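*Asks:* Residue numbers (our numbering), protein chains in the order written: chain W, 31 to 367; chain S, 31 to 367; chain L, 31 to 367; chain H, 31 to 367.
Among the hints, a few may not be true.
The list treats identical chains as one, so a pair stands whether inside a single copy or across any two.
Taking lysine-lysine pairs in the DSBU-like style, the calculated list, with each CA pair at most 35 angstroms apart, reads [unchecked claim]:
| id | residue 1 | residue 2 |
| --- | --- | --- |
| 1 | Lys290 | Lys148 |
| 2 | Lys110 | Lys332 |
| 3 | Lys332 | Lys101 |
| 4 | Lys101 | Lys148 |
| 5 | Lys290 | Lys178 |
| 6 | Lys290 | Lys332 |
| 7 | Lys332 | Lys148 |
Everything labelled a hint here was simulated from the structure, so no lab data went into it. Computed from a predicted structure; not experimentally measured.
Protein chains: 4
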Amino acid sequence: MIIVMQAGAPEEELQQVLRRVEQLGYHPHLIRGTQRNVVGAVGDERGKARLQSLEALPGVESVVRILQPFKLASREFRPKTVVKIGEVEIGSDRLVVMAGPCSVESEGQILECAHAVKAAGATILRGGAFKPRTSPYSFQGLGEQGLKMLALARETTGLKIVTEVLNPQDVELVARYADILQVGARNMQNFALLNAVGEVRKPVLLKRGMSATIQDLLMSAEYILSHENYDVILCERGIRTFETATRFTLDLNAVPVLQKLTHLPVIADPSHGTGHWEYVTAMARAAIAAGADGLMVEVHPKPEEALSDGVQSLTPARFQELMRQLDPIARALGRTL
Amino acid sequence: MIIVMQAGAPEEELQQVLRRVEQLGYHPHLIRGTQRNVVGAVGDERGKARLQSLEALPGVESVVRILQPFKLASREFRPKTVVKIGEVEIGSDRLVVMAGPCSVESEGQILECAHAVKAAGATILRGGAFKPRTSPYSFQGLGEQGLKMLALARETTGLKIVTEVLNPQDVELVARYADILQVGARNMQNFALLNAVGEVRKPVLLKRGMSATIQDLLMSAEYILSHENYDVILCERGIRTFETATRFTLDLNAVPVLQKLTHLPVIADPSHGTGHWEYVTAMARAAIAAGADGLMVEVHPKPEEALSDGVQSLTPARFQELMRQLDPIARALGRTL
Amino acid sequence: MIIVMQAGAPEEELQQVLRRVEQLGYHPHLIRGTQRNVVGAVGDERGKARLQSLEALPGVESVVRILQPFKLASREFRPKTVVKIGEVEIGSDRLVVMAGPCSVESEGQILECAHAVKAAGATILRGGAFKPRTSPYSFQGLGEQGLKMLALARETTGLKIVTEVLNPQDVELVARYADILQVGARNMQNFALLNAVGEVRKPVLLKRGMSATIQDLLMSAEYILSHENYDVILCERGIRTFETATRFTLDLNAVPVLQKLTHLPVIADPSHGTGHWEYVTAMARAAIAAGADGLMVEVHPKPEEALSDGVQSLTPARFQELMRQLDPIARALGRTL
Amino acid sequence: MIIVMQAGAPEEELQQVLRRVEQLGYHPHLIRGTQRNVVGAVGDERGKARLQSLEALPGVESVVRILQPFKLASREFRPKTVVKIGEVEIGSDRLVVMAGPCSVESEGQILECAHAVKAAGATILRGGAFKPRTSPYSFQGLGEQGLKMLALARETTGLKIVTEVLNPQDVELVARYADILQVGARNMQNFALLNAVGEVRKPVLLKRGMSATIQDLLMSAEYILSHENYDVILCERGIRTFETATRFTLDLNAVPVLQKLTHLPVIADPSHGTGHWEYVTAMARAAIAAGADGLMVEVHPKPEEALSDGVQSLTPARFQELMRQLDPIARALGRTL
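Build the full structure now, drawing on both the sequences and the hints.
*Replies:* This is the structure in C-alpha cells:
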C-alpha cells in the first residue's frame, strides 16, 4: 500500500500514520516529496483489509493499493489450469463449445437440441433447470425434472452437462446431475453460493457480473478456490454500459486481461453478451480470436417459441454455420475445435 | 407491445406476425406506415414474456414494450405504502434515519454506536452480522453472536434493528432478531433470497444493485410483494459508472423516478453511494431535498480502526452535525426528522 | 509518481527504471517490498507526461499517479473564486439561477421567457443561438439574429445573458453579445474552443462532458485558466450511465467532490441531467442542498411546441413553484436566492 | 413515432394528442388498449424532432421512436461504401491497416516509423500533428511542421497519410497534406468541425466518442454525408465504462451492429481501446474476426520515450508479429491483408 499524505499535512499527522502502519504489522517507508509526503507500507497486504481504513486518519489524502488482492487465482500461484471432465478439457489447445437452450422446456426440446449441437461439434450441453428471471411471473424452470431431462440427454448423446444453481441449498442436488455447476452473473457476488460450490468436488463455471470489474470476478473465483476447489472456469458475458444497441456490452478485452492475471480458463458467452442472435456469430469469432478457451452459445430449435431468451438464440442451422466459421479461426491460433 | 417490422418485409412475414400475436392471446392491430409497418398487440402483456421472442421471427425489426412489467410495486396498484415498526414509520412525513457501523465488531462497539446515533436522533440501528465481502480473506461478520449484540443494543436503547441476510437458509434466524431484513446490493437479483424474505412477515430493506436499472429494482421488489409481504423499503446506494472520484455514483435521480412509479418508500445510503465520509453529509442533505423518505448512514466510533468500510464512516460527532444540518432541510420540505 | 515493478523483475530492469527516472528529472526513491519493488519518483510530476510512458519499460507493472494533474484549478492555488458580472455574483452566498429556453426561437418567445424567469427570481437568462444538435436535420439555432434577441431581452429586463459558442471562429461574435460564454458538454474537450474562450475576457460556463470524469472537467478548466481567464464556472449536467429512466444521470456527487478539489464555482443543470421536466424540481432542490452555487434550468412558455428539448422544459408556472421551493432550502444552508 | 398515453388519461387529453399529431403533419392512428391507449403517428419522422416534444403534453406517458433517425448513413440508402484513396481501398475484401506513432515528433522518428510499418504490411501511416491533449501542459503536436514531415514520409514510402484535425479553421490546411482527415473521439459531436470536413473533398475517419452510442456515431456521420462527402470511415476506439483494467472498453459489438445499420466501412483502434500494448494484438485479431474492415494501431520505435501514448504503442517488432498473426484470420474470413 502507498499512503499519500495531504499537501501541508502537519508532521504530527504523518508520524501518526507511520505509527499506525507499524501497529498493523507493516514496515513503513517514508518518501518526502516536493508536494506531498508518501508512505510505503511494506508487507503482504493481501488479507489485511485494514490498511485501507487509514484513509480515515487526519492528514491522509488517499491509500493506493499496489498488489492485486487475489492469491490463489493469480498466475503467480500457478501458471495454467486445465479443467478436465472425462475426455473434455477446458483450457487446453482444444476449444470447448457449450451450447443448448436457455431453459430446459421439455424432454423433446432438450433431446432435439442436444443432438443438434452435438452434430455441429459442441461437447457440452447447456440448459437451465433453475432459472434466474427478472420477473416473478416469468417461467422459472422445471427444477429437478429439468435436471433429469439433462441427464437423459447426456446419456443419449455423450455430451457433458452444465447447468445453473441459484440457491446454496440446491448445490448438492444440482451436483448430482451436472458435470459443471454454473454460477450466474446475478449471483457472482452471492458469497453464500460461492462458498457452497467451493465445497463440492465439481467444476464451476463462474459468470462475470454485469457490473463486476475483472478484479471483482477474480475475487469471486478466489472464494471458490479458497475451499480447495480449483476447477473454476471464468466466463465473460457482457457488462452494463450506456450502449443500448446490444443488450449488454460483451467485453472481450477481459479475455487478454484475464489471461495475463490468472491461470484459470476463460470462455465467452456472445448470446447473453449481445442479446441478439444476429450478432452472436461475429462475436463468437471475435472471442476465439481474442484468445478465449471456448464459448457458451444459446441454441433453440424454435427461437420464436422459446420460453426465455428466444431473441438471442441461434437455430441449429445457424449454430452449425457458426461452428463452420470458427474452425479456420481456431486453426489460425494453433488451436482445434 | 409494439412490433416494428423491417422496411420492405414481405406481406407474408407480416401476416405470420399477426397470426402469432393472436396465438399468444393478444389482439393484433396493424398500422401501415410510410417506411415501416407496425403491429400493436393489445392485451395485458405483463406476465407473458413470450411476445419479446417475436423478435426472432423473420421480418421483425424490434419489439417495444409499452407497459411497465411490474404490477404490485406500481402506483396504479396502491398510492402509498407506509411501513410501520412499532412507533417508527417509514414513508410518512417523519423521515427515518438508520445509522450504525458497517459491521458489528463487539458488544462495546455496537452499544457505544447505538447510544451515539440515538442521541443524535436516529431511530433505527444498522449493523452487519453476516457481511458480504469481496475478499474471502476479509472479516465476514460475527454471525448469530452479532445478531445477539444487536438485540442487546435494541433492549438498551429502544432503537429498531436492521441487518443484512445473505443466505436463504439464514432468513429465519435473522428474522428472529431483526426488525428489518436487509437484502444487499449484491443480492438484489438473488431470487432465492427474495423469495425467502417474501415468506417472512418482517419488513425488507431492498438495496439497488450497483448495475440495476430502476426497473430491475422494482422487479426485485415485485418478487417480495408477490409473496404478500408488502413492507418493502427501497434503497438507492450508488451505481457503477466510469467516475472514480467516488466509489460508486449515488444516483439521486432514482428518488423522484421511484416516487413517480411506485408506492414503496425510498431511502438513500450516501455512505456506500460515495465511499468517502467527506461527501456523506452533502449527499445526505441532497437525498432529503430530492424527496427521500430517509437515510442509511455508517457511523463508527473509530473509523480508522473499523474492520470494514472505515473510509466511509462518520464519527459520532460528524453524524451529530449531519443530523443538525438535515433538520432545516426536512422542515423546508414539510417533513420532520 | 509511483512505479510498481513486476514480481520477479530482474535487478537489471529495476536499475534501468531508476536511471530513466533520473534522466527525466526526478529523484528516484526505491522501496524493496516483500512481493514487489516500488520506485517513488520525487519531483513535480505535473506537466511532465512522460513518466507514464515508463509503463512501456520491461519489468514495469504499472505507474501510479500521486498528484492531481491540475494546478491553476486546484484549491491549493486559490481558496475560492467568485465570478462577478455587474451586481450578479457566482460562487458567493447568494445562489445564482440561470433560466430560459433551450433555443431562442423568436423575439416574442425570448422576451416572454425573460420576463417570466425574472419575475420568478432568476438573474441570468439562458438561450441558445448556436445549437449543437445530434441531427443535422434538427433546428440549428438562429445564429447572430438570436444573439440580438438575447441582447434585447437583456436591455428590457436587466437579466444577464449566457449562451453557447460552438466554433472557435464565433467566440468573438458571441462575446460581443453574451455576458457568459457557454462551452457545452459535447465540446468540453474541444481544445481549440477552450483555447479560444480562454483568450476572451468574459466568464466561461464549462459544462461537464457526458463521459468526462471530474478530473477531465478540471483539466478542461485548466486550459481556460492557463490563458489567464480565471472566471470559469463549472456545471454538472448529467453523465452517461446504463440507466435509461432518465436521459442522463445527474451526478450530484460531483458537487462536493469539486468543492473539495477546486476554487471554481459549481452549478447544476437538472433539465439536461434528467431530461424530463417532472424530475427537474426535485433535482434542483437536491443540487442546492448538495452545496451547488446555482442552477441552470430550461423554461419555455409552451414546452409542447418547443423547437428543441420541450420534454425537459418547465412552464413559467412550474418554474415559479421551483423557485418557491428552493428558497427555504437555500436558507437552510445559510444562503439566499 | 408511438405516443403512449398514461393509464386513465381522460378522453380530452387523448383528443388533444390526436389533433397535435395532425397539426405536425402526421397521420394519427389510435389503438385502444386494455391498460393504456397508444397513438401511432404515421409519416416520415426523420428531420422532424418536434414529435418528441409531445411528451410535454398532459396525459402523455412517453413517446417512442420507431425509425432510426439517420437516412444517408443507413443501409437503406446504399448497400455498401468502399472508400478509395489511389490504389488503397477501405471497405473492400482487402483489409486496411493504418499504423504509426501517436504524435509526429521529428523527421527521423516519423520516417523510421513509416518504413517499419510499411515493411510489416501497413498501407496508411497515422501520426498526429495537432494533438488533443487532456492537459494544456502536455505536448500539443508540431502543427504544420508535423504535416510536412508526414508528407515527406508519404513521398519516401508511398504510404497514404491519416492525421487529425481539431479546429474547423485548420481543415483546409490539414486537407492540403493528408489523404484522410481524422475527427477524434473528443470531437465526434463538434458539429462545427463535422460541417467543415463535410465541405472538403477528402475522406474522413470519424472516431466514436467515448460516451457516444452507435446511433450518435451514425448521426455524426450523417452530418458529414449531408454535405455530400460520402467517404466516411467509422472507427470504434473504446467507450467509457466502469472497468479500469483497460483504459477504455473497446466495444467490438459495434462492428456487427454497424454493419447491420450502415453502408460505411468500420475499423477498430485497439491501441486507444485498451490503452495497454499488451492487449493490442489480441484485440486486433478479435476486431478482424468480428468483421472489421481494418485497424488503426499505434507503433513507436521507442515507446518508453514517446511524447504521448507510449504505454499503448507497439514496437516495430511487435507490430510485425501482430501482422503475422492477422494474416490467417483475414484468410479465415475470406479477406486479405
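*Asks:* Does each hint hold? Answer for all of them.
*Replies:* Verification of the hints:
{"no.": "1", "hint": "Lys290 - Lys148", "in the structure": "both (32 angstroms within a copy, 30 angstroms between copies)"}
{"no.": "2", "hint": "Lys110 - Lys332", "in the structure": "between (39 angstroms within a copy, 32 angstroms between copies)"}
{"no.": "3", "hint": "Lys332 - Lys101", "in the structure": "between (45 angstroms within a copy, 30 angstroms between copies)"}
{"no.": "4", "hint": "Lys101 - Lys148", "in the structure": "neither (37 angstroms within a copy, 42 angstroms between copies)"}
{"no.": "5", "hint": "Lys290 - Lys178", "in the structure": "neither (39 angstroms within a copy, 41 angstroms between copies)"}
{"no.": "6", "hint": "Lys290 - Lys332", "in the structure": "between (40 angstroms within a copy, 23 angstroms between copies)"}
{"no.": "7", "hint": "Lys332 - Lys148", "in the structure": "within (17 angstroms within a copy, 50 angstroms between copies)"}
In this structure, the earlier hints numbered 4, 5 are contradicted, and the remaining ones agree with it.
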